[in-house]
Structures are given as structure tokens and as C-alpha cells.
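Number of protein chains: 2
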Amino acid sequence: MATITQTHGGVTTAKGFAASGVAAGIKKSGNEDLAVVRSEKPCTAAGAFTQNAVRAACVDRNRALLPSNDIYAIVVNAGNANACTGTQGKQDVETTALRTAEALSIRPKQVLVASTGVIGEFLPMDRVTQGIKSCAPQLSVEGGTRFAEAIMTTDTVVKEYALSVGFTKGTILIGGCAKGSGMIHPNMATMLAFITTDAAIAPQALDKAIKRVVDKTFNNLTIDGDTSTNDMVVILANGMSGVPVTSASELAAFENALYEICNNQCSQIAADGEGATKRVDITVTGGETSEDNRRAAKSIAGSNLVKTAMFGGDPNWGRILCAVGYSGARFSEENIEVRLCGLSVCRALRPVAFPADEMHSKLSQNIVSIEVDLGLGGNDVSVAHTCDLTYDYVKINAEYHT
Amino acid sequence: MATITQTHGGVTTAKGFAASGVAAGIKKSGNEDLAVVRSEKPCTAAGAFTQNAVRAACVDRNRALLPSNDIYAIVVNAGNANACTGTQGKQDVETTALRTAEALSIRPKQVLVASTGVIGEFLPMDRVTQGIKSCAPQLSVEGGTRFAEAIMTTDTVVKEYALSVGFTKGTILIGGCAKGSGMIHPNMATMLAFITTDAAIAPQALDKAIKRVVDKTFNNLTIDGDTSTNDMVVILANGMSGVPVTSASELAAFENALYEICNNQCSQIAADGEGATKRVDITVTGGETSEDNRRAAKSIAGSNLVKTAMFGGDPNWGRILCAVGYSGARFSEENIEVRLCGLSVCRALRPVAFPADEMHSKLSQNIVSIEVDLGLGGNDVSVAHTCDLTYDYVKINAEYHT
Numbered sequence: 001m002a003t004i005t006q007t008h009g010g011v012t013t014a015k016g017f018a019a020s021g022v023a024a025g026i027k028k029s030g031n032e033d034l035a036v037v038r039s040e041k042p043c044t045a046a047g048a049f050t051q052n053a054v055r056a057a058c059v060d061r062n063r064a065l066l067p068s069n070d071i072y073a074i075v076v077n078a079g080n081a082n083a084c085t086g087t088q089g090k091q092d093v094e095t096t097a098l099r100t101a102e103a104l105s106i107r108p109k110q111v112l113v114a115s116t117g118v119i120g121e122f123l124p125m126d127r128v129t130q131g132i133k134s135c136a137p138q139l140s141v142e143g144g145t146r147f148a149e150a151i152m153t154t155d156t157v158v159k160e161y162a163l164s165v166g167f168t169k170g171t172i173l174i175g176g177c178a179k180g181s182g183m184i185h186p187n188m189a190t191m192l193a194f195i196t197t198d199a200a201i202a203p204q205a206l207d208k209a210i211k212r213v214v215d216k217t218f219n220n221l222t223i224d225g226d227t228s229t230n231d232m233v234v235i236l237a238n239g240m241s242g243v244p245v246t247s248a249s250e251l252a253a254f255e256n257a258l259y260e261i262c263n264n265q266c267s268q269i270a271a272d273g274e275g276a277t278k279r280v281d282i283t284v285t286g287g288e289t290s291e292d293n294r295r296a297a298k299s300i301a302g303s304n305l306v307k308t309a310m311f312g313g314d315p316n317w318g319r320i321l322c323a324v325g326y327s328g329a330r331f332s333e334e335n336i337e338v339r340l341c342g343l344s345v346c347r348a349l350r351p352v353a354f355p356a357d358e359m360h361s362k363l364s365q366n367i368v369s370i371e372v373d374l375g376l377g378g379n380d381v382s383v384a385h386t387c388d389l390t391y392d393y394v395k396i397n398a399e400y401h402t
Numbered sequence: 001m002a003t004i005t006q007t008h009g010g011v012t013t014a015k016g017f018a019a020s021g022v023a024a025g026i027k028k029s030g031n032e033d034l035a036v037v038r039s040e041k042p043c044t045a046a047g048a049f050t051q052n053a054v055r056a057a058c059v060d061r062n063r064a065l066l067p068s069n070d071i072y073a074i075v076v077n078a079g080n081a082n083a084c085t086g087t088q089g090k091q092d093v094e095t096t097a098l099r100t101a102e103a104l105s106i107r108p109k110q111v112l113v114a115s116t117g118v119i120g121e122f123l124p125m126d127r128v129t130q131g132i133k134s135c136a137p138q139l140s141v142e143g144g145t146r147f148a149e150a151i152m153t154t155d156t157v158v159k160e161y162a163l164s165v166g167f168t169k170g171t172i173l174i175g176g177c178a179k180g181s182g183m184i185h186p187n188m189a190t191m192l193a194f195i196t197t198d199a200a201i202a203p204q205a206l207d208k209a210i211k212r213v214v215d216k217t218f219n220n221l222t223i224d225g226d227t228s229t230n231d232m233v234v235i236l237a238n239g240m241s242g243v244p245v246t247s248a249s250e251l252a253a254f255e256n257a258l259y260e261i262c263n264n265q266c267s268q269i270a271a272d273g274e275g276a277t278k279r280v281d282i283t284v285t286g287g288e289t290s291e292d293n294r295r296a297a298k299s300i301a302g303s304n305l306v307k308t309a310m311f312g313g314d315p316n317w318g319r320i321l322c323a324v325g326y327s328g329a330r331f332s333e334e335n336i337e338v339r340l341c342g343l344s345v346c347r348a349l350r351p352v353a354f355p356a357d358e359m360h361s362k363l364s365q366n367i368v369s370i371e372v373d374l375g376l377g378g379n380d381v382s383v384a385h386t387c388d389l390t391y392d393y394v395k396i397n398a399e400y401h402t
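Listed in order, the protein sequences are those of chains A and B. Okay, so the first sequence: first residue is 1 according to this note's numbering, each after it adds one. Okay, so the second sequence: first residue is 1 according to this note's numbering, each after it adds one.
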């Protein structure tokens, strides 16, 4: 059995990774906006990407390269998504990879590229190139947080998380950072997550693990229901722990740790959702299939009415039930139950009396839980993360004028 | 060719219909909350209903009765949705139909029932019964607007519309009213639309027409993406014009008129959306299939980011394109075009320069149009209606405390 414990840091926690971030002048604010993470040794790498048919060129390039056993680095810019930029945009992604490869003395195909920010504008390639040149010599183990800062757009806090996983053969470290808080001012932006580990794992196994975990975590994360053109989750594994992850039980333990990382990143993103005053955790059980649980959880997470009710501290189970109703999830009319902050509020489609004062106090916390048992007895659990819908969400997304 | 012209009124415009509304004490405000419309002669009747798996008992009862050739009346209460009320709720729907039938000297199965308002509370049946008794003697041709008023919840304006359709064999009248402005304070509410006509049309033909039209109109209407437990659109046709609607061309003309009525009702509901400052009309063309057009139109209408941009007067075509991208609609990357208020803003996924002052002025009107050509050459058109997402939407939906 592997033991999983939280540790410090993010993308540079695992052995052999160095990172940094610089202000390249892409963001109008002048904040850090170009970040690089690099491994000493070649990594197996895999990723999961936006399902949006309108995709940035960097997404397509990474999809073509992954899974791989020969990736060294990721370069990220914030402030410009390089999406809806046509042939020039594609060329700019190649140039970004080339300049990064030159600066790190590796090959362009060993570099992954990610962008977040405004769409429909060309990347200022002179600034990107200069940024890469100044960032490359600064890469360090201490630079993980600067990397995490430089990829932020409207995020208000850095989102890092790392775990240590003790196997019988030794310990691996896995950590990462994420950004995203809605699809963001000024035009739209993106959920990005980067995870690094020193586990020794084969590309196909890593690919399966990341896709399965993303399906249970990031794909259930909703701030406002909009999927960006640039979303991606990428994991690099450089094997430098010397601990192989190959047997079924090792792979399962690794996937558990990866789930914890991704689930934590989703929580952090939800808590920092645009305008959010609270995080809303939704857990659905009792569905005939896990797909039923997932549909119900995502439908609740996506409901503006549930999200405004949570903002108002209103124990409005009718809206929760309604979102289950139109989700397509099957449920038992006799056995369905809704719990809010641990208190039962509805059973068999009918109201259940609850202590109003206790509920009021629980709903004013900054983490609120919604639990639905679909009543059909399945053992699976589906978790979705979202936040409340507030005046500030509208303000952030309405007050920009192109 | 039939000629279609607008005329006055709503549910009592067609020959032989009488209506009224009274304050029965169901709404806490004391406003009108019980409405009845009745035809002199038996009507063919058909309807379209919420797809939500959590449905009010009145919805199930109407679904079981329709299509029919023997309906006389509709009774509607506002202020209480009688949803999530179990066996008692079912019994209360039957009692409502029975009391209405007694008051109108018809049979219970000749009465349709609709409710809108709070869920999870039992109907105050003494007040409902008393309301029916006081409403029935007041029914009149002049009472159409009182009917339209009594079915309102958070609506701020009455929503009536009527047309006269000139066939070679004579003229028919068709009119109706609707309510709905989001899923509404205090718990949730409902989109209801009632249409009456004096056309002579068979139940199956009426059923096909209403379902096809609802699919092109109400099913593309989005205020906040939430489908209520009580939504319904019902049409009664009493044949009293003496004009038969039987041939293919007559049926097509009738369906056109019905489309105009429903499309107009959708526009009125969108313009009166909770907290809305403007109506947003979305037109999608050029899809390979009409389903592609519909998906893209609904996806744009459902995007919080598009809706907040419209509130802010931001010509943010990136958000529009993004919503098309995740809709599942197929499009041509080379030929797709986005127009905002008639001005082209994006072609082939790339920005198009537009006059900023003119755009700014157009976006501050109270009706804004978004047009997307998917670029695959189809001839079909799909229209969706929505409104902007504003501070007041959040306020209306957050500030209620159960």
C-alpha cells in the first residue's frame, strides 16, 4: 500500500525540475507573463485538452506530440491566448518552441507550449523571444512559485499543490500548479494545469492515468459552463526518483495521488472563481452508473440558479432537484435524497424539515457542500466543483469594453 | 397564399373564447393569481411540455389528456407550482379540474390545469376552489388581459400577441399569452404559454404543428439554462371560424402563423428576462443541417460570458465563437462569419475591423442581434432568444431566503 502525504511546492517539488517566470511585456499590467519549467532528464509526458472545436494552435501542437517519452520543457505565456490567429498563430507557436529549445539547448519537439489570455490578437513575438531568453538562465528549484505566478490571468491567488507518495520501492514526489478563474477578462481565458513527477512511468500508462483522472476532476469543474479554446492539463514524469510505477497496484496508487492533485487543483480554481465568495462542492452517489452520477453533479454545478442561491445563502433544494431533473441522470423518485451542508433537505422529491439557524450558519461559510443520493444503489461517487454566482462575476465579465 | 396580419388581444381574440383572472390569495402579494379561459364549443387541443424528469402533477395530467378533440377550458394558478408535492399534489390537480368543471358545467377531463410558483408546498385548495368559483361567472371576451395578468409571477409586463390569418376560405384568428422571466423567485417558476384559435383543425395535425413550432421557438429560448418542472405550451382550436385547416398548404400557413405567435412570445419573454436590460436575438445559418444551426444558436444563447458581454456592451466575438466551438455544431474554419448588430466582426476565425463608435451605439440599444453563418452552405435558419446577464439577475435569484 502506498502512503500519500502532502508536501510543499508545485512544479519543482519532484526531483530534477527547475522553473521560473518573468515579465516579458505581454500583459498590459506589466506583471510576470512568461514561464518555463524544465526537467534535467527527458520525461514521459501526457495531457488532456479542450474539447472546443475552436482551438488554439498550441493545443493542436501538444496533442500531436503527446503521449511522448521525450519531453524536457513547457513554456507558457499569459496575456495572449494566440487563438483565432490563423496561419500566423501556428507559426508563432513553432517559433516559441524553437526559441525555448535554443535557450535550453534541447530540440523544439521536446518543448510543449501553452498560452492564455486575449483571443484574436497576434503574439508579440519579439517580447516572447526576449522573455524566453531572460527566463531560461533563471530556472531553479526555488522558481516553482514564480512559474505559478506568471501563468495567472485574473486569478487572485497562486494555485500550487504537491504530494509525496511512499511505495515499498521508494518515494516519489508529484506536484503542480494551475490557473483559471472563469473564462476571463478581457476576452476569455483558460484553465491550465501543469503537473510534474519523478516517478518512472511509461507514456501509455501516464496517458491513461491523466485522461481518467481529468475525466473525474477537471471535466467536472464548472465556473460558468464555458470551455475555453486553450484548456489543457499536462503531466511530465522524469523517472529521477528511480521508483518504477509499473505493476497494477503501483499504477493504482499513482492514479490515486494524481486524482488528489487534480481534485485539489479543481477546488482551488473553484474557490478562486471569478467573483466567487464561496466554493461549492457537489457529490453525487447512488446512480445506476457513474455516468448518471457525473451528469447530475455537472448539471447542478452548471446551474445559475443553484449558484445564485448559494451566493444568497438560500437552502433552495428545489433548484438542485430541478438541475438533477434535466440532467438526464436516472433516479428513484422514492429514494432520491438531497443534503445541503450535511443536512437532509429533501427526500423522495418532498421537503424534509431542517434546523433553519444551523443551515443559515453553514451556508455562510466559504465552502458549501451539496450531496445528492440518486437512490438507485450504485457504489460510485462523482464530485464536481463550482463556486457561487455573484454580482462580481457579472461585473468582471461585463465591464470590459473592447 | 394566406396573409398574416397582427391584431389586438391574446387568448380571447379568436371567436368563442372567454377568460378572466382573480385574486384568490395564493400569491402573498395579493395580486391576481387564478385564471380561466373557456371556449363555447369543444376544442381540439395539443401541447408541448417540460423535458425535466422532475415534473409537476399538472404536467403529467395534461400530457395524458392531449392531443384531444374535447377540451373546453384551461385553469391556471400562479404563486404555487404544486411540484414536488407527491400524492397530495396529484389529488390537488384532480380537485382543481373537478371544481373548474363544476363551475363551468363541463366534465373534469375537458379541463387542462397549469401551475407556476413556489415548489415543495401544497396548494391552498380552499383558496383555489373559492378562486375558481369567483372567476367562472366573470369570463368574458374582454377578460383576456386579466387572464394574462393573473398567470404572471416575476414578469414585469403582460405578454399577449394575436394574428389574423386570411385564407381563401375565410379568416381565422389566433392569439395567446405567455409568462416567464427566468426560473423564478422565490423558488423557481415556469414558462407558460396559452394559445387559442378558431381554426378547424384535427387534433393530430394540431399536435404536429405545435410540437414542430415549439421545437423551433420555445426550445431555443434561454434565460438561464434552467428548465422548470412546470413548463408548458398549450393550444386550443374550437373551429368557430368555420375555416378548415386541412390541406397541406393550409396547414403550412397555419404553422407559419403559429410560429409567428410562439416566436413573438419568446421575444417578449426574453425581453422581460429576470434582470434583463436588453433582448438578444441569435440567428444561425449556413449549417450542414438545421440541428447544427440549432445547437450553435442555443449554445450562444446559453453562454454566461456572451450574456455578460452584451450587458457590458462589449463586442466580444471571441466568446460567441467559443460558444459555437463547444456546441458540437459543425462549421467551416474558412467560411464561418460572426456579425454583431449587422456588422461583421469575425471571418474565418479571424478578427474583422469594424467601426467602433457605430458598434458601441448599436450595442447600447435594447435589442441586440448576433448572427453566425457556419459557412457550410445549408439553407436553414435557426433563431434563439435570450437576454443579457446582469447584476439584477443575480440580485433577484440570490436575495431570497427560505
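To be clear, the hints were calculated from the coordinates, so they are not data collected in a lab. Any given hint could turn out to be false.
Claimed, not checked - Under 8 Å between C-beta atoms, here's a sample of chain B residues computed to sit facing chain A: (1) C84; (2) G86; (3) S228; (4) T246; (5) L305; (6) T308; (7) V324.
All of these numbers come straight from a predicted model, not from anything done at the bench. By construction, the Cβ of each residue, glycine as well, lies at the ideal position given by its N, Cα and C atoms.
Status of the S228 (chain B) interface restraint (C-beta, 8 Å, chain A): holds, 7 Å
Hint validity - C84 (chain B) Cβ closer than 8 Å to any chain A Cβ: holds, 5 Å
T308 (chain B) as an interface hint toward chain A, with CB separation required under 8 Å: holds, 4 Å
Supplied contact hint for G86 (chain B), tested at 8 Å Cβ to chain A: holds, 5 Å
Residue hint T246 (chain B), partner chain A, criterion CB-CB below 8 Å: Nearest chain A Cβ about 37 Å off; hint violated.
Status of the hint placing V324 (chain B) at chain A (closest C-beta pair under 8 Å): This interface hint holds because 7 Å falls under the 8 Å limit.
Interface hint compliance - L305 (chain B) to chain A, C-beta minimum distance less than 8 Å: Since the shortest Cβ distance to chain A is 5 Å, the answer is holds.
In the structure shown, a violation is registered for the earlier hint numbered 4 alone.
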